[in-house]
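There are 2 protein chains.
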Amino acid sequence: MSSEPPPDAAAAAASSAGDLAADLSSATISKKQLKKDARKAEKAEKASQRQQQQQPQADADDPFAANYGDVPVEEIQSKTISGRVWTEVGGLDEAAAGRSVLIRGAAQAIRPVSKKMAFVVLRESMSTVQCVLVASADAGVSTQMVRFATSLSKESIVDVEGVVSLPKEPLKATTQQVEIQVRKIYCINRAIPTLPINLEDASRSEAEIEKAEQAGEKLVRVGQDTRLNYRAIDLRTPANQAIFRIQCQVENKFREYFLSKNFVGIHSPKLIAGSSEGGAAVFKLQYNGQPACLAQSPQLYKQMAICGGFERVFEVGPVFRAENSNTHRHLCEFVGLDAEMEIKEHYFEVCDIIDGLFVAIFKHLNENCKKELETINRQYPFEPLKYLEKTLKLTYEEGIQMLKEAGTEIEPMGDLNTEAEKKLGRLVKEKYGTEFFILYRYPLAVRPFYTMPCYDNPAYSNSFDVFIRGEEIISGAQRIHLPELLTKRATECGIDASTISSYIESFSYGAPPHGGFGVGLERVVMLFCALNNIRKTSLFPRDPQRLVP
Amino acid sequence: MSSEPPPDAAAAAASSAGDLAADLSSATISKKQLKKDARKAEKAEKASQRQQQQQPQADADDPFAANYGDVPVEEIQSKTISGRVWTEVGGLDEAAAGRSVLIRGAAQAIRPVSKKMAFVVLRESMSTVQCVLVASADAGVSTQMVRFATSLSKESIVDVEGVVSLPKEPLKATTQQVEIQVRKIYCINRAIPTLPINLEDASRSEAEIEKAEQAGEKLVRVGQDTRLNYRAIDLRTPANQAIFRIQCQVENKFREYFLSKNFVGIHSPKLIAGSSEGGAAVFKLQYNGQPACLAQSPQLYKQMAICGGFERVFEVGPVFRAENSNTHRHLCEFVGLDAEMEIKEHYFEVCDIIDGLFVAIFKHLNENCKKELETINRQYPFEPLKYLEKTLKLTYEEGIQMLKEAGTEIEPMGDLNTEAEKKLGRLVKEKYGTEFFILYRYPLAVRPFYTMPCYDNPAYSNSFDVFIRGEEIISGAQRIHLPELLTKRATECGIDASTISSYIESFSYGAPPHGGFGVGLERVVMLFCALNNIRKTSLFPRDPQRLVP
Numbered sequence: 001m002s003s004e005p006p007p008d009a010a011a012a013a014a015s016s017a018g019d020l021a022a023d024l025s026s027a028t029i030s031k032k033q034l035k036k037d038a039r040k041a042e043k044a045e046k047a048s049q050r051q052q053q054q055q056p057q058a059d060a061d062d063p064f065a066a067n068y069g070d071v072p073v074e075e076i077q078s079k080t081i082s083g084r085v086w087t088e089v090g091g092l093d094e095a096a097a098g099r100s101v102l103i104r105g106a107a108q109a110i111r112p113v114s115k116k117m118a119f120v121v122l123r124e125s126m127s128t129v130q131c132v133l134v135a136s137a138d139a140g141v142s143t144q145m146v147r148f149a150t151s152l153s154k155e156s157i158v159d160v161e162g163v164v165s166l167p168k169e170p171l172k173a174t175t176q177q178v179e180i181q182v183r184k185i186y187c188i189n190r191a192i193p194t195l196p197i198n199l200e201d202a203s204r205s206e207a208e209i210e211k212a213e214q215a216g217e218k219l220v221r222v223g224q225d226t227r228l229n230y231r232a233i234d235l236r237t238p239a240n241q242a243i244f245r246i247q248c249q250v251e252n253k254f255r256e257y258f259l260s261k262n263f264v265g266i267h268s269p270k271l272i273a274g275s276s277e278g279g280a281a282v283f284k285l286q287y288n289g290q291p292a293c294l295a296q297s298p299q300l301y302k303q304m305a306i307c308g309g310f311e312r313v314f315e316v317g318p319v320f321r322a323e324n325s326n327t328h329r330h331l332c333e334f335v336g337l338d339a340e341m342e343i344k345e346h347y348f349e350v351c352d353i354i355d356g357l358f359v360a361i362f363k364h365l366n367e368n369c370k371k372e373l374e375t376i377n378r379q380y381p382f383e384p385l386k387y388l389e390k391t392l393k394l395t396y397e398e399g400i401q402m403l404k405e406a407g408t409e410i411e412p413m414g415d416l417n418t419e420a421e422k423k424l425g426r427l428v429k430e431k432y433g434t435e436f437f438i439l440y441r442y443p444l445a446v447r448p449f450y451t452m453p454c455y456d457n458p459a460y461s462n463s464f465d466v467f468i469r470g471e472e473i474i475s476g477a478q479r480i481h482l483p484e485l486l487t488k489r490a491t492e493c494g495i496d497a498s499t500i501s502s503y504i505e506s507f508s509y510g511a512p513p514h515g516g517f518g519v520g521l522e523r524v525v526m527l528f529c530a531l532n533n534i535r536k537t538s539l540f541p542r543d544p545q546r547l548v549p
Numbered sequence: 001m002s003s004e005p006p007p008d009a010a011a012a013a014a015s016s017a018g019d020l021a022a023d024l025s026s027a028t029i030s031k032k033q034l035k036k037d038a039r040k041a042e043k044a045e046k047a048s049q050r051q052q053q054q055q056p057q058a059d060a061d062d063p064f065a066a067n068y069g070d071v072p073v074e075e076i077q078s079k080t081i082s083g084r085v086w087t088e089v090g091g092l093d094e095a096a097a098g099r100s101v102l103i104r105g106a107a108q109a110i111r112p113v114s115k116k117m118a119f120v121v122l123r124e125s126m127s128t129v130q131c132v133l134v135a136s137a138d139a140g141v142s143t144q145m146v147r148f149a150t151s152l153s154k155e156s157i158v159d160v161e162g163v164v165s166l167p168k169e170p171l172k173a174t175t176q177q178v179e180i181q182v183r184k185i186y187c188i189n190r191a192i193p194t195l196p197i198n199l200e201d202a203s204r205s206e207a208e209i210e211k212a213e214q215a216g217e218k219l220v221r222v223g224q225d226t227r228l229n230y231r232a233i234d235l236r237t238p239a240n241q242a243i244f245r246i247q248c249q250v251e252n253k254f255r256e257y258f259l260s261k262n263f264v265g266i267h268s269p270k271l272i273a274g275s276s277e278g279g280a281a282v283f284k285l286q287y288n289g290q291p292a293c294l295a296q297s298p299q300l301y302k303q304m305a306i307c308g309g310f311e312r313v314f315e316v317g318p319v320f321r322a323e324n325s326n327t328h329r330h331l332c333e334f335v336g337l338d339a340e341m342e343i344k345e346h347y348f349e350v351c352d353i354i355d356g357l358f359v360a361i362f363k364h365l366n367e368n369c370k371k372e373l374e375t376i377n378r379q380y381p382f383e384p385l386k387y388l389e390k391t392l393k394l395t396y397e398e399g400i401q402m403l404k405e406a407g408t409e410i411e412p413m414g415d416l417n418t419e420a421e422k423k424l425g426r427l428v429k430e431k432y433g434t435e436f437f438i439l440y441r442y443p444l445a446v447r448p449f450y451t452m453p454c455y456d457n458p459a460y461s462n463s464f465d466v467f468i469r470g471e472e473i474i475s476g477a478q479r480i481h482l483p484e485l486l487t488k489r490a491t492e493c494g495i496d497a498s499t500i501s502s503y504i505e506s507f508s509y510g511a512p513p514h515g516g517f518g519v520g521l522e523r524v525v526m527l528f529c530a531l532n533n534i535r536k537t538s539l540f541p542r543d544p545q546r547l548v549p
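From first to last, the protein sequence lines stand for chains A and B. Note that the UniProt record's numbering has the first sequence beginning at 1, numbered continuously upward. Note that the UniProt record's numbering has the second sequence beginning at 1, numbered continuously upward.
Isolated chain A, as found in the complex (with noise of 0.2 Å):
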C-alpha cells in the first residue's frame, strides 16, 4: 500500500479550513451558515485525519502497521486487481468457523472495550457481523491497530481480514452468529465524524421509542422530512432495505405473471402533446417549441398498442400528477403498472387477471420474502393481509347498500371518497374475511371519458376498483373502442377531441374490445405492508413540497 497522502484530499483540507477561518471570522453568521461552516469543519478533520493517518512515520515503531490503515485514494482508483475475493457478510455462517475470509461493510457501531480490544460491527446491505480485534502480537494485532479502529467513524467504509470463530454467548446485536477475529482492518473511506442523522436512531420503532419514554428516557425520534432530506443514510435502515426489496419483488413477480400470460412488456412515451386524461394535475413544458405535457397514464398509447395488434400488453413506468394533494396517499411522481388486454366477451376476463396477477404477488411474498417481511415489521409492526384465493366481486351498489346499512349514506351516483372507501373496506372485512376485493359497475360519471358504458344502463360503466385494507390501489374498465362514441365522450367530458386525434382514429382501422388496468408500485407496497405513508415506498418521493434530494 502507497503511504503517500492523497492529494486532492490534502488540498481540500487546507482550502476548507482556511475557509472556515475566514467564515468565523465574519459577524454575521446565520444558522445555515453555521451548518455548513459545520460540515466544512468535518470535511476538514476528516481530510486531516486521512493524512495524518498515512504519515509513515505515525507507524514507525509498530511492526505491524501494514496491518490497518486508510487505503490511498489511488488504490480506489482501479490501480490494482488482486483475484482476491470478498464475502458477503449475509453468507457468514456457523459453517464458516475456523475459515479466513475478507469482507467489506459500513462501520455500523464501534465500542472500544479497552487499549487492547474493541469491536466494530460491519453491515452490508441487511447484514451486519461483528468483528472483534484484541492486540496480540499473534495475531499481528497492536494497540495502535485497536486505536487506529476505535478512531473510525460510523458508517466508514471498511475492509476486514480476520477468521470466523463462533462467540461464547449468542449474539443479540448483529444479524449474523458468527464473529471475525481481525486480523487486517482498512478503512477504504471515511464517513464524516457526526452524521446528520444516525442509523440507530431511524431505524428504531415507534414501540421502543414510547417504552424508553415511559421508562424516562428520550430517545431521537427521526421524522418523515429529515429522513428524506438524508435519504442516502436514511435508505440504509433495515427496514428501508427491505422495503424495496419486497418493491422490486412486487414488479418481478407482476411481469413474470404477466409474460407467462402471454403479454408483452411496452414502453409509452411520457412526453405528450395532449393531456393524456384531461383535468388540470398535468404537468407542462415546452418541447422543442411546442406545446407539450408528462403522461399521466399511459393509457392512450397502451390502447394503441393493442389497436396495433400486441393483443396484451403490460408497461411499468413512471406518470406524473400535478396534483397539489398534501397526503399519505399521494405523490407527484410513482411508478405505475399497467396492462391492457383484448377481451373476447366481458371486462370480467381482466378481473380474473387481476384476482391471479395480486393472489401470486401476496403468495410470492408471504413465502419468498419471509426475511424483509420480519424485518419491515420489527421498525413499523403489521397484520398479514387477508385475502381470499379466488378474489371477492362486489358491485358498486352492493358497496353502497352496505354502507348504507352500516350507518353511511353514499350519493348513489357519485364516488366513494377516502374515509367511505376505509369504512367500506371494514365491513367487507367482517363480512367476507379479506381485505382485497374488487368493486365493480361504478356510475359513469364519475369514470374518465374512454371508459364503457353499461350495455342495459348507460348510467353505470364496465369499470371497477381494487382496494388493499381499505384503500383503492387499482383503476381498471372496458374501454370504449368505437370512435364515434370515444368522441362523443371526449366531448361530454370537457376533453377537445381534436387534442386526442390520433388515439381516436387509432379505433377506426380495426380495433379489437379491450381493457385494462393500472395500479401504483408504491400503493401497493405501502398497503401490502400496511405502512402509513407513501413516501415509505418511493426511493426518492416526489410530492408537492419535495423535488430534492
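No lab work stands behind these hints, which were simulated from the structure alone. Small disclaimer: the values here were computed from a predicted structure and weren't measured. Heads up, some of the hints might be wrong.
Here are the simulated SDA-like cross-link-like pairs (lysine to any residue), alpha carbons at most 25 Å apart as the crow flies [to be verified]: (1) Lys386(A) <-> Arg245(A); (2) Lys344(A) <-> Lys79(B); (3) Lys261(B) <-> Lys344(A); (4) Lys390(A) <-> Lys79(B).
Reference listing, derived: stretches of chain A covered by chain B, where coverage requires no fewer than 3 residues with Cβ under 8 Å from a Cβ of chain B [claimed, not checked]: (5) 69 to 82; (6) 151 to 162; (7) 281 to 288; (8) 334 to 346; (9) 359 to 365; (10) 454 to 464; (11) 478 to 491.
Glycine is no exception: its CB is placed at the ideal position from the N, C-alpha and C atoms.
Given chain A, work out where chain B should sit, using these hints.
Structure of chain B alone, referenced to chain A:
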C-alpha cells in the same frame, strides 16, 4: 344475437352524412378538409353498412342468417359470459385437423372467388390463417354469408367458427399450415373501408419493391414518417410485431441477469431540481412553482442508492434529452437500461458484468427468439451479430492507433466521431472477428464530471464505451465517490455544485467505491438487428419533430 341496429352508430352515420353534405357545398375546401371529409364519408359508409347488414329483413329469406352478421354494440359491451373458448391462431397446427374451433383476428386479406366461395385470411399477432367459405346447406353457409364475408373491410376484427382442415396444397400466404372451413362468421368491429396505409405495403421488404420495379411494376413504398403517423396500423406488420417482442425479451434478460447477480431493481425520479449531467439538452418545467427538469439519466440517483446501501442496483426507465439531433440514432426520449454497483478494486468488475450480460442477451435472442428474428429478417435482412464468448477490451489509445494505422488521425485527447467509430468497428471486426467490444480508458476531458480519473494519469479516466456494429451503445465508468474531488470536477466542468449539493453530500456519509453504465434499449435492438433507424425500435418515437402520436 339481437337484430337491433346499434343506436350510436346509426346516429353517427346520420349526423356525419349531414355534415359531409354541408361541407361539400362550401366553395373553399382545403386539402386537409378534403381528407377530413373522406374520413367522415368513410365513417358514414361504415356505419350505414353496419346498419344495413343488421336489418333483419335483409336476411328474411336466408335460413342461415344466424350464422353471420355484425355483432351488435351491446354484445361487445360485456353483456355475456358464454364460456366459449377462443383458440389462438398461432396454435393451429396439423394436429388440430378435424376439430371445431373459434378464432378471433383481423381480416388481413379478403378474396372473393365466386358467389359461392371466398377466402378470408385472419391474423392474430404474428400468425395468419386462411378461412374458406363455400356456400353449402350442409355446412350452414349461404351465398348471402359469402357476400357478407367479402363485404368486410380489411383489418376488421372478425370471429370465425369453423373446422380445421388440411389444405390440398401447402399454403404460401399464411403462417399456419392448416385452413379453417368456415361455419359461422361475425364481425366484431369494422375498419374504415380505406385505410391510410396498407398493411401489405407496410410489410414489404426493399428487395421486393426493387424486384417489382425491375419487372416494371410500381409498388407502394411506405415512408418512415407515414408509418409513424399511422403507427396503430404500422405496428401490425410482422416485422414490427417481432421487433417489440425482441425488445421485451432484451429487457427481460437484462432484468433476469441482474437479479441473478443480486442487483436490486429501483425507480428513481424523473422530475429533478438540477440537470442530472449538465449541458443544455434538458427539458425544463415548473414544478409547483419551482424550476425543475426531466432527468437526462438516473445517474445521480442510482449513485445515491449505492450510498444508501443497496450495493448493486439497476433501473429500466425513460430518459429525456432535449437535443436537436435529427439522426438515425438519437431520440428525445428513450428507455434507459442502467446499472450501478459497488466495486471492490477495479472498474473492470463493471466490464465483466457487461460482458456476461450482453453475451447472455445475444445468446438468448439467437436461441429463443428464432421466429421473431426470421420475421424481422424477411422485411429487413441482416447478418447475425458477431461476438466473442469473452468480450474484447481495447484501450482508447489502442483504438486510435488502429485508426491511425488505417489512415484516420484522431486528436489523442479528443473523442471519436460517428465516422471514426464506424471505421474502428470495421477494423476490429477484421482483426478480432467481433462486432461487440469495449473501448476503455478514455481521456477525462470527454467524460462527465462524475467520472473517476485514472490513478496514474489524471488526463485519462476509468471509463469505457461499448460498441455494437461500430456504433456506441453503452457508456460506463468508475464514479468519483470522494465529495471534495466531485465538487472540484463539477466546478471544472461548469456545473454549479450547489445545484447538486444533496448528491455530493451523499458521498460524505461513508461511500463505497462504485461504477456503472447506461445503455439505450432501442439502440440495443436496432443494432442487434442491424436496423437503419432508431425510430423502428421505439414504439411511439420522440424526435425533435415528433410528439404525436
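(request) Please name the hints from earlier in the document that this structure breaks, with their numbers sorted from lowest to highest. (result) 3, 9
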